[in-house]
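Chemist: Okay, here's what each chain looks like letter by letter:
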Amino acid sequence: MSDENGQKSGKPAKPAAGAELVLPVAALLFTIYYFTTIINVPWTAQVSAFFVGTILIGLIIALVTRVLIKVKRGEATLGMGPLFAPKNYVPKRLALFGLTLAYVFLIQWGGFTITTFFFLLLAMLLLSNGKKKSLILALSFTLSVGGYFLFIVAFNTRFPRGPVETLLHGVF
Amino acid sequence: MEVDWGLFSELFGRTFTFWWVILPAILLGLIVGAIPGFSAANTIIILLPMTLAMEPEIGLIFMVALYASSRMGAGIPAILVNIPGTAGAAATPLDGYPMTKQGRAQQALSISFVSSVSGGLLTTILALLAMPWLSQVAYHLHSVEMIVIMLFGISLIATIAAKDTLKGLIAGFFGLMIGYIGADVVYETPRGTFGFLELYDKVPLIPALVGLFAVSEAFAVIEGESILTKRGLEAMQKAGWKETWEGMKQAVSRWWHIIWTSIIGLIIGVVPGAGAAIASFVAYQQSKTFSKTPELYGTGHLDGLVAPESANNGVTSGTLIPLLVIGVPGGATAAIMAVVLQYHGVTVGPDLFDSQPELAYGAFTAMAVTYAIMIFTILPLARYMSRITVVSTVYMAPIIISFTLVGSFVPRAYVFDMYLALAFGVIGYVARKTGYHVAAILIGVILGPLLENYFLRALRISQGDIMVIFSSTLGNIMWVLLIVSLFVPLILDRRRKQKN
Numbered sequence: 094m095s096d097e098n099g100q101k102s103g104k105p106a107k108p109a110a111g112a113e114l115v116l117p118v119a120a121l122l123f124t125i126y127y128f129t130t131i132i133n134v135p136w137t138a139q140v141s142a143f144f145v146g147t148i149l150i151g152l153i154i155a156l157v158t159r160v161l162i163k164v165k166r167g168e169a170t171l172g173m174g175p176l177f178a179p180k181n182y183v184p185k186r187l188a189l190f191g192l193t194l195a196y197v198f199l200i201q202w203g204g205f206t207i208t209t210f211f212f213l214l215l216a217m218l219l220l221s222n223g224k225k226k227s228l229i230l231a232l233s234f235t236l237s238v239g240g241y242f243l244f245i246v247a248f249n250t251r252f253p254r255g256p257v258e259t260l261l262h263g264v265f
Numbered sequence: 011m012e013v014d015w016g017l018f019s020e021l022f023g024r025t026f027t028f029w030w031v032i033l034p035a036i037l038l039g040l041i042v043g044a045i046p047g048f049s050a051a052n053t054i055i056i057l058l059p060m061t062l063a064m065e066p067e068i069g070l071i072f073m074v075a076l077y078a079s080s081r082m083g084a085g086i087p088a089i090l091v092n093i094p095g096t097a098g099a100a101a102t103p104l105d106g107y108p109m110t111k112q113g114r115a116q117q118a119l120s121i122s123f124v125s126s127v128s129g130g131l132l133t134t135i136l137a138l139l140a141m142p143w144l145s146q147v148a149y150h151l152h153s154v155e156m157i158v159i160m161l162f163g164i165s166l167i168a169t170i171a172a173k174d175t176l177k178g179l180i181a182g183f184f185g186l187m188i189g190y191i192g193a194d195v196v197y198e199t200p201r202g203t204f205g206f207l208e209l210y211d212k213v214p215l216i217p218a219l220v221g222l223f224a225v226s227e228a229f230a231v232i233e234g235e236s237i238l239t240k241r242g243l244e245a246m247q248k249a250g251w252k253e254t255w256e257g258m259k260q261a262v263s264r265w266w267h268i269i270w271t272s273i274i275g276l277i278i279g280v281v282p283g284a285g286a287a288i289a290s291f292v293a294y295q296q297s298k299t300f301s302k303t304p305e306l307y308g309t310g311h312l313d314g315l316v317a318p319e320s321a322n323n324g325v326t327s328g329t330l331i332p333l334l335v336i337g338v339p340g341g342a343t344a345a346i347m348a349v350v351l352q353y354h355g356v357t358v359g360p361d362l363f364d365s366q367p368e369l370a371y372g373a374f375t376a377m378a379v380t381y382a383i384m385i386f387t388i389l390p391l392a393r394y395m396s397r398i399t400v401v402s403t404v405y406m407a408p409i410i411i412s413f414t415l416v417g418s419f420v421p422r423a424y425v426f427d428m429y430l431a432l433a434f435g436v437i438g439y440v441a442r443k444t445g446y447h448v449a450a451i452l453i454g455v456i457l458g459p460l461l462e463n464y465f466l467r468a469l470r471i472s473q474g475d476i477m478v479i480f481s482s483t484l485g486n487i488m489w490v491l492l493i494v495s496l497f498v499p500l501i502l503d504r505r506r507k508q509k510n
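As given, the protein sequences belong to chains B and R, one line each in that order. For what it's worth, the numbering used here labels the leading residue of the first sequence as 94, then goes sequentially. For what it's worth, the numbering used here labels the leading residue of the second sequence as 11, then goes sequentially.
Be a bit skeptical, because a hint or two may be false.
[As the list claims (entries may be wrong)] If you want the footprint, here are the derived chain R segments under chain B, 3+ residues with CB under 8 Å: (1) 181-188; (2) 433-441; (3) 464-477.
None of these hints come from the bench; they were simulated from the model. The C-beta atom is built at its ideal place from N, Cα and C for all residues, glycine as well.
All chains, full assembly: derive it from the sequences and hints.
Modeler: Shown next as structure tokens:
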């Protein structure tokens with residue numbers, strides 16, 4: 094059988110409980126940071142956050158204790174397996190995340206239509222391992238241009254505008 | 011207080027004039043409901059730019075119609091390919107899929123449609139008739155009671171919807187802390203803003219829900235290149251019209267079963283966080299308990315299909331009740347509806363029944379009209395709509411990411427909000443992968459500012475005495491219920507584990 098890290102072993106794999114702690118640790122760090130921003134302000138700005146934050150810290154301590162007890166008993170590990178499983182998709186997921194970041198960064202200059210076209214094209218090519226190029230090209234074009242007509246021309250929605258939108262503004 | 015029949019009939023007539031909004035919403039709802047893991051909530055998020063551009067009334071009708079029809083659409087892949095479209099249809103394949111394997115797919119689909127439409131229509135009318143009384147409940151609730159109700163909402167989501175109570179509570183309280191980001195209402199002191207001016211006016215809700223639901227899901231679904239197996243694809247292609255009529259007759263003959271299981275759905279739907287998944291399983295379990303042939307459940311029993319389908323459609327009207335009566339969303343879709351209405355300056359809660367009754371009651375008339383229209387449209391539409399399940403995630407994931415991220419830009423026209431949505435996407439992804447409930451985080455973010463307002467109001471009245479939160483009899487009863495609701499599942503869970 095294979096465990097959640099994708100490794101083959103004879104014994105049943107222990108759950109990787111370390112991943113369960115990522116969100117609580119982030120919540121704890123955020124709560125501590127939040128407390129530092131309200132330490133010197135009037136009580137009206139503090140009281141509710143201290144009430145909720147204290148309960149949250151208590152809950153996090155309870156969860157961490159539970160996980161540590163499981164680890165001590167040998168029922169779980171501090172591994173991060175579930176967060177990255179299945180491992181063979183990690184590079185693809187990271188690449189898609191990078192593409193998404195670039196999309197958000199570039200859309201303020203490129204505008205909706207052209208940036209969305211390139212994002213859809215590259216992301217679909219990435220996920221399909223470069224297969225069905227013509228279909229992906231047609232789909233990316235249809236969706237970005239269709240989105241332009243539906244959201245910008247028909248509904249006049251506040252979508253990011255760039256050179257294409259400015260150029261076509263006089264036409265539509 | 012009595013039912014205003016004049017208002018209701020006027021609203022019904024008015025809602026029917028919006029058939030041009032309801033029909034496309036039904037079509038869309040069936041499509042998205044049939045896509046596994048892609049809920050009505052996500053569709054509303056994807057179509058946010060469109061929904062935000064509509065008048066509030068039209069936007070609400072669109073969202074309600076989409077919500078109701080997607081609940082029914084979710085049963086299609088559950089029956090045909092053993093993949094529930096949403097968690098609410100998780101009990102449907104227990105008897106629906108064996109029917110498909112026996113070559114009775116079309117019969118199962120008609121039973122599912124008739125049960126869904128009848129259950130949904132009945133419970134919507136019941137909810138509508140009860141609203142004039144339910145709306146009065148809120149006037150007996152003051153700041154202290156509202157504090158407990160909000161914490162109750164979070165804890166119920168944690169105990170019922172989340173598999174792990176502790177994790178559910180952490181998710182909910184983390185959401186509340188995120189909801190506290192921004193300048194405080196009295197002195198405008200920035201709190202937890204990381205220095206971003208864009209966060210001074212609280213965390214914008216649309217990027218939060220886009221990130222938590224849509225972006226995180228898109229990054230999760232890319233693990234499978236397709237959502238269907240080869241066998242599933244074949245099963246989908248074989249479904250025909252042959253047994254449609256037979257299935258309809260069988261469903262109608264089970265009218266009493268449809269009534270009581272849909273009422274189970276309505277009651278469970280009223281509880282914030284309970285949702286369709288729990289309702290359908292409870293209804294299935296009750297149906298089996300009172301059945302004369304319980305041993306046949308799981309082998310293609312008709313009652314085993316009727317019960318979850320009636321119940322999960324009964325939930326749809328139920329989840330709107332706490333949203334409209336006390337301003338606490340009963341589920342993820344209701345939470346998103348609240349966000350859209352807030353964007354339009356509509357504050358959901360008891361005052362809505364006086365200030366804008368066409369919206370408060372209109373939500374239910376829209377749902378009833380949707381179900382009425384679906385009676386005539388669902389059978390011809392559903393068969394072809396179910397084909398959407400063959401769309402590959404290769405195409406779906408990038409479309410979801412790009413259109414939802416741009417949707418988060420629309421309300422304030424800040425690129426910052428797109429980055430914020432991406433950050434919430436990371437939080438949502440981690441939450442999904444490690445067993446935390448994203449709906450609990452979102453509901454926390456929504457309730458955070460409200461909770462703080464009630465907290466401050468209560469403390470100002472009591473001149474800073476924190477014990478004010480235990481000063482009301484009704485509030486104290488709710489505190490006890492809150493604690494009971496938190497500990498009883500833990501005790502039952504421990505006992506069950508000891509037995510096993």
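Chemist: For the region 181-188 of chain R, does the count of residues with a C-beta closer than 8 Å to a C-beta of chain B reach 3?
Modeler: Coverage by chain B holds for the region 181-188 of chain R (6 residues, Cβ < 8 Å).
Chemist: According to a criterion of three or more residues whose C-beta lies within less than 8 Å of a C-beta of chain B, is the region 433-441 of chain R covered?
Modeler: holds (count 3)
Chemist: Take the region 464-477 of chain R, compare each residue's beta carbon with every beta carbon of chain B, and decide whether three or more fall closer than 8 Å.
Modeler: Contact hint for the region 464-477 of chain R vs chain B: holds, 6 residues under 8 Å.
The structure agrees with every numbered hint stated previously.
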